[in-house]
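Number of protein chains: 2
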Amino acid sequence: MKIRFYNAKILTMVSNQDIFEGEVWVEDNRIIYVGPTRYSKDKWDKEIDCEGNVLMPGLKNAHTHSGMTAFRSLADDLNLQDWLNNEIFPREAKMTSEDVYHLTKLAILEYLTSGVTAIEDMYLTPETIADACIEMGMRCEIVSGLNKFGPTLEVLENRYKNLNGMNELIGFKMGVHAEYTCEKELLLKVNEMIHKYKAPLYVHMSETKSEVDECIERYGMTPVEFFDSLGLFDFGGVIYHGVWTTPNDRAILKKRNIIVVTNPGSNAKLASGIAPLNDYLKEGIPVAIGTDGPSSNNALDMFREMYLATVLGKIKEMDPTAIPAMEVLKMATVNGSLSLEHKDTDVLAKGKLADIIMIDLHQPNMQPVLNVAKNIVYSGCKSNVKMTMINGEILYYNGEFIGVDVEKIYDKAAKIMERLK
Amino acid sequence: MKIRFYNAKILTMVSNQDIFEGEVWVEDNRIIYVGPTRYSKDKWDKEIDCEGNVLMPGLKNAHTHSGMTAFRSLADDLNLQDWLNNEIFPREAKMTSEDVYHLTKLAILEYLTSGVTAIEDMYLTPETIADACIEMGMRCEIVSGLNKFGPTLEVLENRYKNLNGMNELIGFKMGVHAEYTCEKELLLKVNEMIHKYKAPLYVHMSETKSEVDECIERYGMTPVEFFDSLGLFDFGGVIYHGVWTTPNDRAILKKRNIIVVTNPGSNAKLASGIAPLNDYLKEGIPVAIGTDGPSSNNALDMFREMYLATVLGKIKEMDPTAIPAMEVLKMATVNGSLSLEHKDTDVLAKGKLADIIMIDLHQPNMQPVLNVAKNIVYSGCKSNVKMTMINGEILYYNGEFIGVDVEKIYDKAAKIMERLK
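Those sequence lines, one after another, are chains Z and S.
Numbers given in the numbering used here equal positions in the first sequence, counted from 1, plus 174.
Numbers given in the numbering used here equal positions in the second sequence, counted from 1, plus 174.
Simulated from the structure, these hints should not be mistaken for laboratory data.
Check the hints yourself; a few may be wrong.
Pairs count within a copy or across copies, as identical chains cannot be separated in the list.
As the list claims (entries may be wrong) - Quick list of in silico lysine-lysine cross-link-like pairs, DSS-like style, CA-CA up to 25 Å:
id	residue 1	residue 2
1	176	524
2	322	335
3	582	183
4	183	268
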C-alpha cells in the first residue's frame with residue numbers, strides 16, 4: 175500500500191525544523207518521503223489532497239486507564255481516596271477481562287477523534303487490552319499496575335515475556351501501581367525483576383500531597399527518594415503525575431533519566447494540584463502528557479490536556495511566558511514517544527513509522543493562520559483532527575471511524591454498566 | 175415556519191427539572207411546546223428526529239471581543255500590559271469599522287460551532303458589530319467600552335438610543351472599558367448618563383492584582399469600592415473577570431445585584447489568576463461565563479470555558495467537590511441570559527425564544543450516558559454540538575454553516591491581517 179499526501183503544511187517536530195509546504199509519502203507502515211512537492215512516477219494506491227491542512231506526528235497519550243470509560247460521569251466531585259476506595263475499587267472487583275476488552279475499544283474510538291496514535295495504558299487485564307488494541311489498530315504499551323492485591327510476580331514476568339513482541343502494535347512495561355498500594359517487601363521483589371531484565375520502572379508517583387506526606391511518615395523519605403533508595407529507578411522509567419516533587423526529587427529524576435508524565439486535567443478535577451512543569455523544563459527532565467483515565471478527567475482529549483498543561487503552568491508560575499506552545503507540542507509528541515520507548519514514532523521523517531495526523535485549518539477556530547503551533551495548542555480542538563493514521567492505516571477520517579460499528583461498541587458499554595452500576 | 179424536534183433528551187434548565195425524553199416545538203422564533211412525546215395534527219415545515227440526543231438552551235458567551243479574531247496566535251505568552259500596549263493597541267489604531275465587521279463574522283462562525291446563541295461583545299465599532307450579527311443571525315448585546323481615548327459621551331448616548339431596538343437580535347449596554355483606562359471626571363459623566371437612563375453598568379474589573387493595587391494607590395479604594403462610591407453600580411450591572419475581589423467587594427456586588435462574568439481561559443493564559451467562584455456562589459452572586467477575546471484565550475469555545483470554570487475552581491479551593499457540573503451549566507445558560515438582560519432565552523419552556531442547541535451523545539466522549547449534565551461539562555466538547563438554532567433559525571447543523579461561504583470569510587480575515595500584521 176502506497177499513499178501520497180500532497181498540498182500539506184508539514185510540522186515534522188524534528189527540532190528547530192520550521193513548518194513547510196510539501197508532501198509525505200507512506201509505504202505500508204513506514205514514511206518513505208517527507209519534503210517539498212516532488213514529481214514521482216510511482217504508482218499510488220491513494221493520493222490525498224491535504225488542502226493546505228497540517229500533517230504532524232500523532233499525539234501520544236502517555237498515561238491512561240482506558241477500561242475506565244465505564245465510570246465516566248459516575249462518581250465525580252469526590253476526593254481521590256473516596257473516589258478510589260468507595261466508587262472505583264468495588265466496581266472493578268466485578269469487572270471481567272471481557273468487560274475491559276469492550277471498554278478499551280470505546281476509549282480507542284475517543285483517542286482516534288483526538289489524534290492519539292499511541293497510548294500507555296495501565297489497567298486490569300493486559301491480555302484483553304492487547305486484544306482490543308490489535309483489533310482496533312491502536313499502538314499501545316501496556317503498563318503493569320501490580321500492587322498488594324495482585325497479580326503475582328510470576329504473572330508479571332510472564333506478561334513481560336509474552337506481551338512484548340506478540341504484535342508490532344503492542345508492548346508491555348514493568349511497573350507498580352503506586353508506593354501506597356505496595357508493601358516494601360513486594361517492591362524489593364519487583365526490584366529484583368527490574369534488575370533481571372534491566373527494565374525501566376513505570377509508576378504513579380507524587381500525585382497528592384497526602385501521598386507524599388504518608389510516605390515520609392512511613393519511610394522518612396519522599397516516594398521518589400524511597401523508590402530510588404531501593405534501586406527501582408536504576409534503569410530509568412516514568413512517573414505519572416509528579417505533582418508534589420521536591421528539588422531533591424527532581425535531582426534524582428534527572429540523574430536517573432526518569433520521564434514525568436503530567437495529567438493536568440485529572441490533577442485539577444481531583445484538586446490534587448498543579449505539577450511544577452516549569453521546574454522540570456528548567457532542569458531538563460522530559461515531560462510527556464497523559465489524560466489519565468476517563469473517570470477522573472473525564473475526557474480522553476489530548477487537545478484539552480495540551481491547553482491545560484500550558485495554562486495551568488502559567489497560573490502556577492504567575493507568568494504568562496511559561497510553558498510555550500512549541501514546548502507543549504513536543505511533550506505531546508516527541509516526549510510521549512520517549513516515555514513509550516518508541517524510537518520510530520516521534521517525528522515525521524523518512525524511515526519513521528507512519529503514525530500521522532491531519533489537522534484541519536479550514537475551521538473558524540484555526541483562522542487566520544498566523545502561527546500553526548500556537549493555533550493547535552491555544553485555540554485547537556479535537557474537532558480539528560481530520561485524520562488519524564496509525565502504522566500506515568487510516569483509522570479515522572472526516573469524522574468517520576473506518577470499518578467500525580460504533581453503536582455496537584456503545585451498546586456493549588451500556589450493558590456492562592447496567593451490571594456494574 | 176413550524177419545526178418539531180422529537181425523540182430528544184430535554185434539559186430545560188428550569189431549576190430542579192430533571193432531564194426527560196420528549197419533544198420541543200418551535201413556531202417562528204418562539205418555543206410553543208416542551209414536554210413528553212405528544213400527538214399533533216399540526217402541519218410541520220420540518221420534523222427533526224433528534225435520535226436520543228440532548229436539546230438544551232443555547233450557551234451564552236457573556237464576555238468577548240469578537241473582532242480580535244485578527245490577533246489569534248499573533249502575540250501570545252506576554253503579560254497583560256505588554257500585550258495590550260505593545261501588540262494590541264497599535265494594531266487596533268489601524269483597524270477600520272469594515273475590518274471589525276468581517277472579523278466579527280469569523281468569530282460568529284466559531285460561536286456557532288460551540289453552541290453559543292448569544293454574545294456580550296465589547297469592541298471598537300458597535301454599528302458594524304451589529305451589522306455582522308444581524309447578517310449572520312447572532313443575538314448580541316454590544317457593550318460600550320468607552321475610555322479616555324474615546325468615544326465621546328454624545329456617541330455613547332446616541333448608540334444607546336439607536337442600537338437598542340434597531341433589530342430584535344441587537345441591544346446596547348452602557349459601559350466603560352475599565353477603571354485604569356478612565357479618568358475620574360469621565361467616570362462622573364458616565365455616572366450621570368447611567369442615572370439619566372437608570373441603566374446597569376458593564377465594565378472590566380479586578381482582572382489583575384496590579385490593577386487593584388494601582389486603584390487603591392490612586393483612590394484608597396478597590397475598583398469595586400471606587401465605582402460604587404461614585405454611584406456607577408446604582409442600577410446594577412456586570413463586572414468582567416472579578417479575579418481579585420475582596421470580601422468587602424463581594425458584599426458590594428451582592429448588595430448592588432451585580433453579576434460576575436468569569437473568563438477562566440483568558441485569566442489562566444495571561445496568568446492573571448483564578449477567580450473566587452466558590453465565594454461568589456456561597457454569597458449568592460450570580461456568575462456567568464465568557465471566553466474573553468480570541469487574542470487572549472485563544473478559542474471562543476464555551477465547552478472549554480465550562481470545564482476550566484469547574485476545574486480551576488476545584489484547584490483554587492483544593493476541593494474536588496467545588497463548582498459542580500449543574501452549577502456550571504446554569505452559569506453558561508441561565509446566568510448568561512441574566513447578564514445579557516435577556517428574559518426569554520434562559521430556559522426551554524413554552525413562550526421562550528427558540529435559542530436551542532442539540533448535543534450529540536453518539537460520540538465516544540459522551541458514552542456511556544450515565545449523567546448527561548456531567549457528560550456535557552466534564553467530557554463534552556464543542557464537537558458534540560450538532561445544531562445551533564438562534565431565534566428559530568437553524569444556523570449550524572452537522573458541521574455545516576447554513577447559507578454561509580466560510581472560505582470567503584477566512585480569506586477576508588487573512589487579507590486584513592496582511593495589512594495589520
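Hints, verified against the model:
Taking the shortest Cα distances, residue 176 and residue 524 sit within 25 Å of each other inside one copy (14 Å), while across copies they are farther apart (58 Å). With identical chains, the CA atoms of residue 322 and residue 335 are at most 25 Å apart within one copy only, with a shortest distance of 22 Å there and 73 Å across copies. Within a single copy, residue 582 and residue 183 get their C-alpha atoms only as close as 36 Å, which misses the 25 Å cut-off; across copies the closest is 21 Å, which meets it. Taking the shortest Cα distances, residue 183 and residue 268 never come within 25 Å of each other, neither inside one copy (48 Å) nor across copies (30 Å).
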